[in-house]
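Asks: The primary structure of each chain is shown beneath.
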Amino acid sequence: MTEETAVFSSDGTKDGAADSTSVQGRSLGRIAWERLKSDKLALAGGIVVLLLIVVALLAPVLTALVGQDPETHHEDLINPLFGTPTGSLGGISGDHLLGVEPVNGRDIFARILYGARISLLVGFLSAVVAVVLGTVLGILAGFFGGWVDTVISRVMDGLLAFPQLLFIIALVSVMPNDMLGLTGSSVRVFVMILVIGFFGWPYIGRVVRGQALSLRTREYVEAARSLGAGRFHILFKELLPNLVAPIIVYTTMMIPTNILTEAALSFLGVGVKPPTASWGQMLSRAIDYYDSDPMYMVVPGMAIFITVLAFNLLGDGVRDALDPKGSR
Amino acid sequence: MATTQRTPGRRKQIMAAAAVVAALLTTAACGDSKEGGAGYDAANNKVLNASSHKGGELKFAGSQDADSWDTTRGYYGFAWNFMRYYSRQLLSYRTEPGKAGAELTPDLATNAGKISNNGKTYTFDLRDGITWEDGKPITSKDIKYGIERQWAQDVLSGGPVYLKDVLDPEGRYPGPYKDKSADRLGLKSIETPDDRTIVFNLPRANSDFAQMLATPSASPVRQDKDTKSKYALKPFSSGPYKFASYAPGKSLKLVRNTRWRAASDPIRKAYPDTISAKFFANANDMDQRLINGDYHLDINQTGPSPQGRTTALKQHKGNLDNPLTSYIRYAVFPRSVPPFDNIHCRKAVIHGADHVSLQNARGGPLAGGDIATNMLPPSIPGAEGQKYDPYGIAGSGKKGNIAKAKEELKACGHPNGFRTTIAVRNNKQVEVATAESLQASLKKVGIRAEIDQYDGAQTAGIVGSPANVKKKKYGIVVDGWAPDFGTVQGFGLPLWSSKYILQSGNNNFALIKDKAIDGLFDSYVKELDQAGQARIAKEINHKVMAGAYYLPFTFEKFLNWRSPKLTNAYTSDGFSGMYDFVNLGLKNAK
Numbered sequence: 007m008t009e010e011t012a013v014f015s016s017d018g019t020k021d022g023a024a025d026s027t028s029v030q031g032r033s034l035g036r037i038a039w040e041r042l043k044s045d046k047l048a049l050a051g052g053i054v055v056l057l058l059i060v061v062a063l064l065a066p067v068l069t070a071l072v073g074q075d076p077e078t079h080h081e082d083l084i085n086p087l088f089g090t091p092t093g094s095l096g097g098i099s100g101d102h103l104l105g106v107e108p109v110n111g112r113d114i115f116a117r118i119l120y121g122a123r124i125s126l127l128v129g130f131l132s133a134v135v136a137v138v139l140g141t142v143l144g145i146l147a148g149f150f151g152g153w154v155d156t157v158i159s160r161v162m163d164g165l166l167a168f169p170q171l172l173f174i175i176a177l178v179s180v181m182p183n184d185m186l187g188l189t190g191s192s193v194r195v196f197v198m199i200l201v202i203g204f205f206g207w208p209y210i211g212r213v214v215r216g217q218a219l220s221l222r223t224r225e226y227v228e229a230a231r232s233l234g235a236g237r238f239h240i241l242f243k244e245l246l247p248n249l250v251a252p253i254i255v256y257t258t259m260m261i262p263t264n265i266l267t268e269a270a271l272s273f274l275g276v277g278v279k280p281p282t283a284s285w286g287q288m289l290s291r292a293i294d295y296y297d298s299d300p301m302y303m304v305v306p307g308m309a310i311f312i313t314v315l316a317f318n319l320l321g322d323g324v325r326d327a328l329d330p331k332g333s334r
Numbered sequence: 042m043a044t045t046q047r048t049p050g051r052r053k054q055i056m057a058a059a060a061v062v063a064a065l066l067t068t069a070a071c072g073d074s075k076e077g078g079a080g081y082d083a084a085n086n087k088v089l090n091a092s093s094h095k096g097g098e099l100k101f102a103g104s105q106d107a108d109s110w111d112t113t114r115g116y117y118g119f120a121w122n123f124m125r126y127y128s129r130q131l132l133s134y135r136t137e138p139g140k141a142g143a144e145l146t147p148d149l150a151t152n153a154g155k156i157s158n159n160g161k162t163y164t165f166d167l168r169d170g171i172t173w174e175d176g177k178p179i180t181s182k183d184i185k186y187g188i189e190r191q192w193a194q195d196v197l198s199g200g201p202v203y204l205k206d207v208l209d210p211e212g213r214y215p216g217p218y219k220d221k222s223a224d225r226l227g228l229k230s231i232e233t234p235d236d237r238t239i240v241f242n243l244p245r246a247n248s249d250f251a252q253m254l255a256t257p258s259a260s261p262v263r264q265d266k267d268t269k270s271k272y273a274l275k276p277f278s279s280g281p282y283k284f285a286s287y288a289p290g291k292s293l294k295l296v297r298n299t300r301w302r303a304a305s306d307p308i309r310k311a312y313p314d315t316i317s318a319k320f321f322a323n324a325n326d327m328d329q330r331l332i333n334g335d336y337h338l339d340i341n342q343t344g345p346s347p348q349g350r351t352t353a354l355k356q357h358k359g360n361l362d363n364p365l366t367s368y369i370r371y372a373v374f375p376r377s378v379p380p381f382d383n384i385h386c387r388k389a390v391i392h393g394a395d396h397v398s399l400q401n402a403r404g405g406p407l408a409g410g411d412i413a414t415n416m417l418p419p420s421i422p423g424a425e426g427q428k429y430d431p432y433g434i435a436g437s438g439k440k441g442n443i444a445k446a447k448e449e450l451k452a453c454g455h456p457n458g459f460r461t462t463i464a465v466r467n468n469k470q471v472e473v474a475t476a477e478s479l480q481a482s483l484k485k486v487g488i489r490a491e492i493d494q495y496d497g498a499q500t501a502g503i504v505g506s507p508a509n510v511k512k513k514k515y516g517i518v519v520d521g522w523a524p525d526f527g528t529v530q531g532f533g534l535p536l537w538s539s540k541y542i543l544q545s546g547n548n549n550f551a552l553i554k555d556k557a558i559d560g561l562f563d564s565y566v567k568e569l570d571q572a573g574q575a576r577i578a579k580e581i582n583h584k585v586m587a588g589a590y591y592l593p594f595t596f597e598k599f600l601n602w603r604s605p606k607l608t609n610a611y612t613s614d615g616f617s618g619m620y621d622f623v624n625l626g627l628k629n630a631k
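Keeping their order, the protein sequence lines are chains A and B.
Quick note: the first sequence uses our numbering, first residue 7, plus one each step.
Quick note: the second sequence uses our numbering, first residue 42, plus one each step.
Excised from the complex, chain B in its bound form:
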């Protein structure tokens, strides 16, 4: 409200309104970068500008800082990508474009690990010459300690806990900070017979265990350098670069770690001398600075805003790549909310939706992605992409199949449609646009959907609480998901397993309780053969689609800006279609 002194208050209003109009009428000019691009999609799944030129400062720009630079606590995909600069793991992803980039290769270990005891024991030997930033050797005990930090969730929350769940499913170990043993290495399931050998004893086999070891949360941490909750401010480096300065939310600078030995590292080439990141409050400003050439690439790897997208596509298309991510965007139908307890009502929504309109709302074919036809990201072994389309989503029913939708409505006992509520995060314009598109197309078949926007920061307590979903009658929840590691377990277990239905922070929004799906996951974790794993993944996907729990929108793509100065630029499936940061270099560095 205005002030009690009305005249100045009102004048201020008029002035403010006039200022807004003035601002509206002037629009920002576009800058031009002098260097031409190498071509559209030139670094998508292939290496652009291969070079071993060293030196220069690689400059990242971002609109969001990492959740944490502590290897135990970070969960953002781009942070995992960036962490390879200053952390090493037993295994890591191959530095290859596309699909090959998702394959694992030994890093600190000499080989991919000896698996014995029916997949329950993993033994690794460490390389020669692996060192910390002070020159001391990295030992198996440092790796064990680094992994143990996952147990200290009360101090170090936020990161993934797959290793904790697999190595200690009963939660017996109290974590290193409450550990009574003198060396604080009391976790029984990891043995370190000597400094160069580490043995993992899993209570139950899990075929994705090697994948879990490749996440940064399995990085070594040295006990005397562990500053607990402050570790994110200056992680102690085991990789080719170390922290020089870090102001959270503002800037970050890494310099060469002079004690790192290239001969000990089969993965990292360490081309630039310095690596910096600057964080912007305004995403449009950041896009413009990238296009102007002030920075080399977006650290967040989420693609430009609609504004920057238009400028970049119209004027600098040759500097863009359009990679496929491992994200799927979708709507999910909680079965606890009538009439979505009836499979035919769920199918009616799938058939009634206009899938092209949904794709456009997501940002169109380039910034949004391809129309998704099933629930397994194309980069995951066992995925079939658009070839598996049980509901004709990208085929005949692309613009919505009204006849089929009406048929299903009749079968579910609501021939004239029904009323329901779409829940959508309020902080994502794109998601609200998607909900509006869905609302408009469902109206044509008689389904009257109301859109309820909820606080996007409160997801865990709002759509993550089955009781609240039922109370608020959220029949359709708009969401998206990407795997933590590229397998059906890493993607689908939290979404589709009945064991993952939680009272808060739930992700199995549909409340799927299917013994067949649970059984398939059980056999998946025991299956060590890759072809067998892919077959099971395919079967799980088919079961999920048969249940009509989901309306998939897009296999997400994004437009990624690449500076013409970058060398060794390529997108990698290991990092969800982002550029693989670790071996990027610069041309003629000044």
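Okay, chain A solo, but in the shape it has when bound:
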């Protein structure tokens, strides 16, 4: 285990920062960070992502600050004949910053903030599930080869060909209302995280397997092996650190895809349960009012658009910064 092999460790960055004055001491992490900083678009994406996370975490505080909550009906603001808000632009006012929903008059600002929690929660955690599964199984397949590789690779092929959206819809409709001490929307969120993550791991698994396959014959691995290192040592101390870069890249790119999948599921009515707010569900309801109350469609549409765009710009930047082909 030499200094060059542990190229991307947390202390690698620190080391680089410590001797920034010296000529040769720049680690790959340091280089990547420098590159990322100079990429304006990626930086902007990163800032928006951070902002979204803060806003989602502080949703109860922020909505309380404007005196709203996502579930209170304000039917006095709705024209009962049409079901649409009486005010202009979907009922935008000092009290309701983004207007109110048709029919029941719930505050859209509050629902967008609470909806962000669901989107980000499902997006992040399902990516974590996919990354953990994909890395472990991918590295095993690539390192051991033989029948282990055959079995894992066939499973990945099978999963990639599986109609996951249809499967999730079917699964949700047979789910019990209470499970493992969870009720209501938490059950749905839990199931979505598990299922989206489960169907996502082969994407990471294939990349990790390919990398592991090529790395296992490198000299430093041979060297470690000849020095009597165990399999687990080689797997997790020698190979894994070199897989961190592609894993980070794929994770940032998987999150927006997962957010879109969550929105699609909620749109189709198999996401979180009402009255829990979710962007996809708002969009689905907005279809009935696209002409009479277009703001109701624009707001959640923009929320999804901005979130996915920000994550993708950040992901692009991270990939460019860590691209193995660009590194030495």
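Please keep in mind that the hints were generated in silico from the structure rather than gathered at the bench.
Hints are supplied without guarantee of correctness; some may be wrong.
Claimed, not checked - Only pairs whose alpha carbons sit at most 20 Å apart, straight line, appear in this in silico DMTMM-like list of lysine to aspartate or glutamate:
1) Lys485(B) to Glu77(A)
2) Lys485(B) to Asp75(A)
3) Lys439(B) to Asp297(A)
4) Lys355(B) to Asp297(A)
5) Lys584(B) to Asp382(B)
6) Lys439(B) to Asp82(A)
Fit chain B to the given chain A structure using the hints.
Replies: Quick look at chain B alone, frame taken from chain A:
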């Protein structure tokens, strides 16, 4: 998930998201029809533009095709209405607006039927000059054969089976396709002594028998023209129009049946030369085409989408009618799910609900309807409408009576409320909105309800299965119901009779087992006097309300678009507030 080639996949995502936003920012423009309307509600319960002008093509537009155009198999209300163009029955509904439109009048028969043997024998004589589309006379045997087709449920499923249940309660007759007799007319309870006479012998009297004979499932069908399961594609006409072309789910065209004789038909006037229907995949598109004047009326008669409703109300109010249907929308409490086995918990929900909010969720006073206060549709004899309001639903407790709800909660042993689940179809936005409204108002009295959306196409196996309801703990089921024919039996028997509790396809969701209600239905079917029938209907309604099995939402209304070109337009209680299709005509047809 995206593709493994990440860059193009991601770019596609960005492009798709951008396209969505672009689509969001552009909204459809509204068209204007040149002709002004005759006025709001101008054809509601009255005749608009009475005229005997003939000719033209009457154009229907729809977002859904009929379940079947076979008279034996169709069950959709609008299909029954439309079937009068090409089918005739012994009795049919009067071509009159409003309440009178629900009354029966002889059609193929010369009179309303001779009832004898304590209401167990009905005898009808047939008119002169009644013919099929090939000119042959319609005989009593054709009518018998048409009714017998109801027994062939294995081939011809889907339609109502009231006549089958009443004429052969033990299910002895195997149906015409398995009939061993040479003429395939082996059903004992219908006799055809000659071609012009038909006699029905009921094992037990049923005062609604004449109503059952007026449904299209009692239409004549000629044996040599019976194509069994393919009959829906081209029914053999006994009415003034016949099928010219039909592409299921796409379009339908009827032309004049030249062998039909106006003199033989006291009901049908047959004004247009052709009748066409076009089916749209997009309801918003269809609403716009109606408003533009490309079509004359909505064949489904369900009212425009929220979108079309706003445009029509704001710009073309004079072309709209707002009829009352015979639908009631409600929530029902399965007694098998605690704590709804306790009447006080049921009452707590009824009092706790905000009834105005529920009405708004249903679409407001015009598109949703009036707040319903009991469980008998106002068009049914014996109904009292909002005058009977035992829980103060449309009165003092309109916005929810929290004090009373808390009182009932205490009485049922849950002073701080309880948890339950609301089951609602996932394919109806309006119903989900209703459930959310209920959920929000119940929260105020401490009842925490969770909404469970189930597949609306699987109703029979999900909420229709008492075992599943119990397993899933569905304490509140959101639903709606309309009568097959306008009497308390046609509405309430499947909902409230203990005999109708089924293991699958159940409609008695509340699992009502009340000897008094069962007894009232038994005396209803024997009661031949109309005033007596109305009295019993009223009593049944009061018993159901006293049990607090239901939280009624609305006596449903809908906004119905009417082209300014239509003549003889009127809504009829015989068809649940729809326009009576059969005598619609067109002004200056081109």
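Asks: Holds or violated: Lys584(B) with Asp382(B), Cα cutoff 20 Å?
Replies: holds (17 Å)
Asks: Quickly compare the C-alpha distance for Lys485(B) and Glu77(A) to 20 Å and report which way the hint goes.
Replies: Holds, because 12 Å separates the two Cα atoms, which is no more than 20 Å.
Asks: Does Asp75(A) lie within 20 Å of Lys485(B) when you go C-alpha to C-alpha?
Replies: OK: Lys485(B) and Asp75(A) at ~15 Å, within 20 Å.
Asks: Verify the proposed pairing of Lys439(B) with Asp82(A), using a straight-line Cα cut of 20 Å.
Replies: holds (15 Å)
Asks: Is Lys439(B) close enough to Asp297(A), meaning Cα to Cα at most 20 Å?
Replies: The hint is violated at about 31 Å.
Asks: Given the hint that Lys355(B) pairs with Asp297(A), test it: the Cα-Cα distance must not exceed 20 Å.
Replies: holds (13 Å)
Violation of the numbered hints given earlier is confined to hint 3; every other hint is satisfied by the structure.
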